[in-house]
Every structure is written in structure tokens, then in C-alpha cells.
Amino acid sequence: MSDAKICPHTLSCQMYELFQLQGALNVWKMNYCRGDYGRCARYKMSEVGGSPPVNLMPNGKLLNRQGG
Amino acid sequence: MEYLNFVVGGAALAAVVLSHWFLAGRLPAMSGRYSTLIDRLRGKKRTDDDFDLSPEELLEAMKELTMEEFGQDAMDAMDAEGAPDASSGGAVAATATLTAPEAPSLGLIYMGGMVAGGFLSALMVGAVTPTMTLNGVRFHELFGSGMTSVIPLVVGGFFVGIGTRMAGGCTTGHGLCGMGALQLGSLVTTMSFFGVGIATALLLGVVL
Numbered sequence: 010m011s012d013a014k015i016c017p018h019t020l021s022c023q024m025y026e027l028f029q030l031q032g033a034l035n036v037w038k039m040n041y042c043r044g045d046y047g048r049c050a051r052y053k054m055s056e057v058g059g060s061p062p063v064n065l066m067p068n069g070k071l072l073n074r075q076g077g
Numbered sequence: 027m028e029y030l031n032f033v034v035g036g037a038a039l040a041a042v043v044l045s046h047w048f049l050a051g052r053l054p055a056m057s058g059r060y061s062t063l064i065d066r067l068r069g070k071k072r073t074d075d076d077f078d079l080s081p082e083e084l085l086e087a088m089k090e091l092t093m094e095e096f097g098q099d100a101m102d103a104m105d106a107e108g109a110p111d112a113s114s115g116g117a118v119a120a121t122a123t124l125t126a127p128e129a130p131s132l133g134l135i136y137m138g139g140m141v142a143g144g145f146l147s148a149l150m151v152g153a154v155t156p157t158m159t160l161n162g163v164r165f166h167e168l169f170g171s172g173m174t175s176v177i178p179l180v181v182g183g184f185f186v187g188i189g190t191r192m193a194g195g196c197t198t199g200h201g202l203c204g205m206g207a208l209q210l211g212s213l214v215t216t217m218s219f220f221g222v223g224i225a226t227a228l229l230l231g232v233v234l
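Heads up: the sequence lines are chains A and B, in that order. Here our numbering is used: the first sequence runs in plain steps of one and ends on residue 77. Here our numbering is used: the second sequence runs in plain steps of one and ends on residue 234.
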């Protein structure tokens, strides 16, 4: 399933929407959402029914005031 | 008690998963909801306590993490391809969500619905009778009835609680959703708890 082009959770993922804030952030989409999304921490958590924290980045780090 | 055909039951479960996905935007999970509920009772927020960012601070934080992960060259390459619409409804809504107070828990509604549904189902077949034997003949043979049968129930529940948190899911998350999504980790987990469950049942049958 991870070989497919686009992550099936893009429609509901809040982080995916945040990548719209600036062009540079598209690199996350290229590497995770439209790439090897199977390694995305949010995807992994969602696939087993978990609810990823809204500030969980695809690489597993948490977004906060200090930037990670 | 007369049960529905197992195919009907399976289809009903699939309908629950699909409807939950379309209505709530996520897959259903039972053990995860308990964790969320406990966090709320402890007053723990879903996000970091310092996560009170303005949209500008949010963008800077994301850029910092992006730099850390991919480097400046990758960021410059993406910027050169043109900026997406930062004022899009999705981006604005997502930003508002991250900086807004926590929404009421869907988990309580979910768990309440499960309890209510089970109770309603029992009412429909006239089977609302408190019991300590789980209505299972085998359980009664192994552990008797009354207060002594509470001990294996508590012990069993204790191990279920530990196991589901260690595995990051239970029969709903791994067995139903994870397996359906062809997740290897869910396959391993499901095989493990079913395998151990079967082995335990066989062992108890021999020992007791």
C-alpha cells in the first residue's frame, strides 16, 4: 500500500493543509504525502486507529514554539 | 439466544468502520480513545503546553523543522517552484485548529455509543441480566461463579490494558483497521494476541 503515489489521508490530515503556508513546506509533501507515505508518523498512527496529535510532523517530531 | 449470520455481522463491522471514516475523518479505535480520555481527565492537552502560536510563529516553527529535516537547498528548490496559496481555506482552518482550544472529545461519544448499542442489542433479545460468568459455559466451568470469578476478569482486563497500549492498538485498531489496510505491524499484533488467546484457552482446558 505504501507504494501508491498519494497518501490516502490527505483529505483529512491537518498537517497536509499546513504545508500550504509556504512553498518550501512542499518538500514534506514530496517526501511523505506524495512519496513514501508509509513512513509518515501520522500515517502509521492513523492506520491503527490512533489519533495523531495535531502538531505531529511526518518525521515524528512535534511542532512547538521552539520549532521541534 | 439466536445470533445473526456471521457474514451479516462482518458487513455491519465494515459499515461501522466506513461510516466512522466518512463522518469523523479517521478510523475507529477503542483503546486509543481510553488513552485520550485519561489524558483529558489528567488535564493533559493534546498539544504541547507551550503550543500557543500565532500563525507567523507557526510558520517559523515549521520552517525550522523543515530546515532541520531537509536542509536549505531542498527548501529553496521548493520555493522556486512557486508558493502555494497560504490563504486557502484549508491552510487557514488548519492554522486555526492548531491555535484554538481543544474541541470536545469525540471519544466519549464513541464509547458511550458502544455501551448504548450493546445495551440496546441485549434489550432486543431480552438478555439484560447481570452475570459474572460472561454467559460462557467454559468460563463458569473454569472459574465458577460469584465473587471468585471476578479475579480472573480483573487479571485478564489488566493484561488487556497493558497489551493494547504496548501494541498501540487492539482488535479494533489492529485487527479490524490495520489488517484491512494491509499493515504488517497489525498483522503481527493480531496474530500474536489471537495466538496467545488460543494457546491460553487450550492450556486452561488441560490444566483446569
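The hints are simulated quantities; they were obtained by calculation from the structure and are not laboratory data. The structure presented is a predicted model; accordingly, all values stated were derived computationally and were not measured. It cannot be assumed that every hint is accurate.
To be verified - Derived pair list, reagent style DSSO-like, types lysine-lysine, alpha-carbon separation capped at 27 Å:
(1) A:Lys70 to B:Lys89
(2) A:Lys14 to B:Lys89
(3) A:Lys70 to A:Lys14
(4) A:Lys53 to B:Lys89
(5) A:Lys14 to A:Lys53
(6) A:Lys53 to A:Lys70
Stated by the list, open to error - Label pairs and their calculated CB-CB ranges:
(7) A:Leu20 to B:Ser218: 27 to 37 Å
(8) A:Lys14 to B:Leu44: 15 to 25 Å
(9) A:Pro17 to B:Ile224: 51 to 61 Å
Stated by the list, open to error - Output of the computed footprint for chain A on chain B, the stretches with three or more beta carbons under 8 Å from beta carbons of chain A:
(10) 88 to 98
(11) 186 to 199
(12) 209 to 217
Think of the CB as a built atom: it goes at the ideal place given N, C-alpha and C, for glycine as much as any other residue.
Comparing the hints with the structure gives:
no., hint, in the structure
1, A:Lys70 to B:Lys89, "13 Å, holds"
2, A:Lys14 to B:Lys89, "25 Å, holds"
3, A:Lys70 to A:Lys14, "23 Å, holds"
4, A:Lys53 to B:Lys89, "23 Å, holds"
5, A:Lys14 to A:Lys53, "16 Å, holds"
6, A:Lys53 to A:Lys70, "14 Å, holds"
7, A:Leu20 to B:Ser218: 27 to 37 Å, "32 Å, holds"
8, A:Lys14 to B:Leu44: 15 to 25 Å, "23 Å, holds"
9, A:Pro17 to B:Ile224: 51 to 61 Å, "33 Å, violated"
10, 88 to 98, "holds (count 8)"
11, 186 to 199, "holds (count 4)"
12, 209 to 217, "holds (count 3)"
Of the numbered hints given earlier, the model fails hint 9 alone.
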